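**Q** Here are the chains, one letter per residue:
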Amino acid sequence: MVGITAYGGYIPYYRINRKTIFGAMGWLDSATNVKGEKAICNYDEDTVTMAVAAAVNCLKGLDRNKVDGVYLASTTLPAIERQNAGVVATALDLRPNIRTADFAGSNKMGTACLIAAADAVKAGSAGSILACAGDARTGKPGSIDEQNYGDGAAAFLMGTEGVIASFDGSYSVSYDFMGHWMGATDEFGHFWEGRWVKEAGYVPFVIEAITGLLKKTNLQVKDLAKVIIPPINARDAETIVKKLKLEPNQVQNTMFDGIGDAGNASPLLMLAAALDEAKPGDRILVTGYGNGCDALIFRATDAIATYERAKPVAKLLSTKHEITNYNQYLTFRGVLPIETGIRGEELEAFPTQISRLWRERKEITALCGSKCKKCGTPQYPYQRICVNPECGAVDQMEWYRFSDKKGTLFTFTADNLAFTFNPPQAYGVIVFEGGGKFWFDITDCDPSKLEVGMPMEMTFRRKYLDKWRGLSGYFWKAIPIQR
Amino acid sequence: MAEGIRNKVAIIGMGCTRFGELWDKSAEDLMVEAFQEALQDAGIEKKQIEAAWLGHYFDEVNVGKTAALMSQTLKLPYIPVTRVENACASGSESLRAACYAVASGAYDIALAMGVEKLKDCGYGGLPQSAILTLLGTKSRFINPNRTAPGGFAMLATKYFAQYKLSPQEGKHAMAYISWKSHKNAVHSPKAHLRNEVSIEQIMKAPIIAWPLGLFDCCGVSDGAACAIVCRADMAKNFRPDPVYVKALQVGISSGEEMMFNNWDNAHIETTYRVAQKAYQEAGIKNPRQEISVMETHDCFSITELTEYEDLQISPRGRAKEDIESGFFNLDGQIPNQPDGGLKCFGHPIGASGLRMMYEIYKQLQGKAQEPVRQIKNPKIGLTHNMGGVPAANVVSVMIVGL
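Residue numbers (our numbering), protein chains in the order written: chain A, 1 to 483; chain B, 1001 to 1402.
Hint data in this document are derived by calculation from the structure and do not stem from the laboratory. This one's a predicted model, so the numbers in the text were calculated from it and none came from an experiment. One or more of the hints may lead you astray.
[What the hints assert, rightly or not] With a cut-off of at most 30 Å between alpha-carbon atoms, the simulated DSBU-like pairs for lysine-lysine come out as follows:
(1) K60(A) - K1065(B)
(2) K1183(B) - K449(A)
(3) K320(A) - K373(A)
(4) K1065(B) - K374(A)
(5) K1204(B) - K406(A)
(6) K1138(B) - K362(A)
(7) K1204(B) - K1183(B)
(8) K406(A) - K66(A)
(9) K215(A) - K198(A)
(10) K467(A) - K1065(B)
(11) K467(A) - K1138(B)
(12) K1204(B) - K405(A)
(13) K373(A) - K1065(B)
(14) K1204(B) - K449(A)
(15) K1164(B) - K406(A)
(16) K405(A) - K1164(B)
(17) K1119(B) - K467(A)
Model the full assembly from the supplied sequences, consistent with the hints where possible.
**A** Encoded structure:
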């Protein structure tokens, strides 16, 4: 049986209420008055970091050496040439002899990479594939996109061992339909009239894919426990629900009021939320809309009853902090060119040594240090001579991964002198469970609530943007464990 | 068994510029001023100097690589001149090199210079470059987005937690330290910041890096200081009151503080260890009783607070009592920072170690510039100069006497 063996979602910590956006930009277009809040990345997050966070949740407790591939779907991949899925795989400390691929160009690539992963496993060319989707689209200030778009990611491990939801088939339609589009050098996307997008594209394509899949699998609408229709705005998914005559309990919540339209991540986050609640035997149909539509059907197995989730979607939704200042939101998106001061300029103007990053990728990108085989001391970064003064063994080390270890906050500060896009800059010393300690930036926190001894975990983040060499520098930061 | 440096070298001349935001002065100007004062003080001619060292940190901000700029500026006649760097202890490193050269018998007279021109970087605080490279260029990838005050703020956070001090109690002890240094600096003509401030003002100041506020941080300054040293047995040929080197110790972090779990982050391990070696070298049994005057590295008030414990003057966790009882005031038992310290005299990195020694040298000779600052009959003086951050640092402790 081929299907989902593990999954995890990720929703960034920050939210902005759409009233805040409307309050700042509504004077321009009163039709942008939309209800609810949306999830937004911190300044140090992007699609790659969110995909890693989702994958960490997905892979919790699993042997990462058994992952044979990583697919990453997004229209907001940070790098054009430097495989983004490869960064995810390196950050996760996966084996190098795996298959990686970026899926880009449309919002149905999240579902497309689920199909591709399932097909690869079904064909026997891979034992398991980690299929990830993430998006962090920025709508132009004052546009309806700005209100609709939210950020998030999800990751699914497709395999044959311990399947919690079998993959029972898919059906796809593809059209060069430009409801939304974005050129290679565009800063923001473009869209055609909303009613046309709905009536000529979204509604008919999604229905065509669902109908096609049901026919192909000899199923009826009533056989479905949940149908996943990703939102493109606050209302239009409801039209599809009505046309298909779905019962209310068959409709998976779009989370539009809590996350927004998270592009490629939306159908996968909704699937994760559906699986959080699914019972053995439940059939879940998931669609992915964008230049056509994919439809996939999964059926929960008995194993879902005992599946342990690292962070259910409900927990991710409730772990949040609201930004009440629209200009701060624009700053996080990189839209507002704020004054960074000369200190901030110098921070950005320190070109990356690419060969060093490559040589030390396991330490930098994967947060691996060493563990002394003689005295058992974990240490970061990797040391050749043991740091334990009672030991001092030379070249008796094995690799030791810190990124998945919890720790406690040993000491900290909140620094107003350091330049950051989200001041004050919090950082501190983390002492890891099982040994080892190092100092890290602390992110996604209220600095006034930090306390010596509080439990912490690690999160993969963008440490800097190297504008000289056109790349994102990634590393790990600490965050308080949300109780 | 090594003999150590005790009584082998003497300081016979010193110079120190005014410290401050000296917008109209270059590093070259500052070196000339300090050097001319030292030559006159020692009563020697330039040609008698056989070797020289330059202590300096931010070469990229001002003086560049090597000591060629110093040699050419001072017109040193084809003698060996070497630039040394050990973070904020660079000035003490240059003095150590000059003392070792003389003690070895290689030279009779040597010069130690320290200079820093910080105020050409364009912003407050220290230049960013040091932070990105303290432990090599890998720091760019893996170190937090930290600053100097943030590094020491983490010392304060943990000290407060470890000794169960409320932020208010901890900040009060730190405020007393800065209050005392401001008071002393009023009578210190070459100091950068020469105003008194109240404890209340200090405690209410804007936060730089929690829990450190503005007045918990030292001045960022331009300045230079230098020393001329010679063989101890010839020192009285130059002046009646040479100051003899009794101990000269340096230690640097081993990686345990940064990476091993045995350091409490509430003290400076190097200071503790280096002080023990220095006391042994100088033959000091009870530092609390025997030291007459100190200049310790008060880059931040919390640094000075923990030093009292690491220098084994105050018991662990109880420096606050000594501080608040006035033990380290100008009229206390061991006056510290009689010239205002880094806090108020200012901190031009490479010059600071030599500036500390300048004050101790003058105090021992009874020549503090304003009589109100002169300590009565000092016998033994100590300088403590530290660089880096609590988790990765270098410490120098020097003890001198008449």
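**Q** Against each hint, give a clear statement of whether it holds in the structure.
**A** Hints versus structure:
Among the hinted pairs, K60(A) with K1065(B) is inconsistent with the structure: their alpha-carbon atoms are about 50 Å apart, more than 30 Å. At most 30 Å may separate the alpha-carbon atoms for a hinted pair to count; K1183(B) and K449(A) exceed this at roughly 35 Å. Distance restraint check for K320(A) and K373(A): the Cα-Cα separation of roughly 41 Å exceeds the 30 Å cut-off, and the hinted pair is therefore not satisfied. Of the supplied pair hints, the one linking K1065(B) and K374(A) is violated, its CA atoms being roughly 42 Å apart against a limit of 30 Å.
Annotation: proposed proximity of K1204(B) to K406(A) is violated, straight-line Cα distance about 36 Å (limit 30 Å). Under the criterion of a C-alpha separation no larger than 30 Å, the hint pairing K1138(B) with K362(A) is consistent with the structure, at around 13 Å. Annotation: proposed proximity of K1204(B) to K1183(B) holds, straight-line Cα distance about 18 Å (limit 30 Å). Between K406(A) and K66(A) the CA atoms are separated by roughly 23 Å; this keeps the pair inside 30 Å, and the hint holds.
Simply put, K215(A) and K198(A) have alpha-carbon atoms about 24 Å apart, close enough for the 30 Å limit, and the pair holds. Distance hint between K467(A) and K1065(B) is fulfilled; the C-alpha atoms sit about 28 Å from each other, no more than 30 Å. Between the alpha carbons of K467(A) and K1138(B) the distance comes to roughly 18 Å, so the proposed pair stays at or under 30 Å and holds. The straight-line distance between the Cα atoms of K1204(B) and K405(A) is roughly 39 Å, outside the 30 Å bound, and the hint therefore fails.
Distance restraint check for K373(A) and K1065(B): the Cα-Cα separation of roughly 42 Å exceeds the 30 Å cut-off, and the hinted pair is therefore not satisfied. Taking the CA atoms of K1204(B) and K449(A), the gap is near 20 Å; set against the 30 Å cutoff, the hint holds. Restraint check for K1164(B) and K406(A): the C-alpha separation of about 25 Å stays at or below 30 Å, so the hint holds. Restraint check for K405(A) and K1164(B): the C-alpha separation of about 28 Å stays at or below 30 Å, so the hint holds.
For the given pair, K1119(B) sits about 27 Å from K467(A) by alpha-carbon distance, which is consistent with the 30 Å threshold.
Hint check: violations occur at hints 1, 2, 3, 4, 5, 12 and 13; the rest are consistent with the structure.
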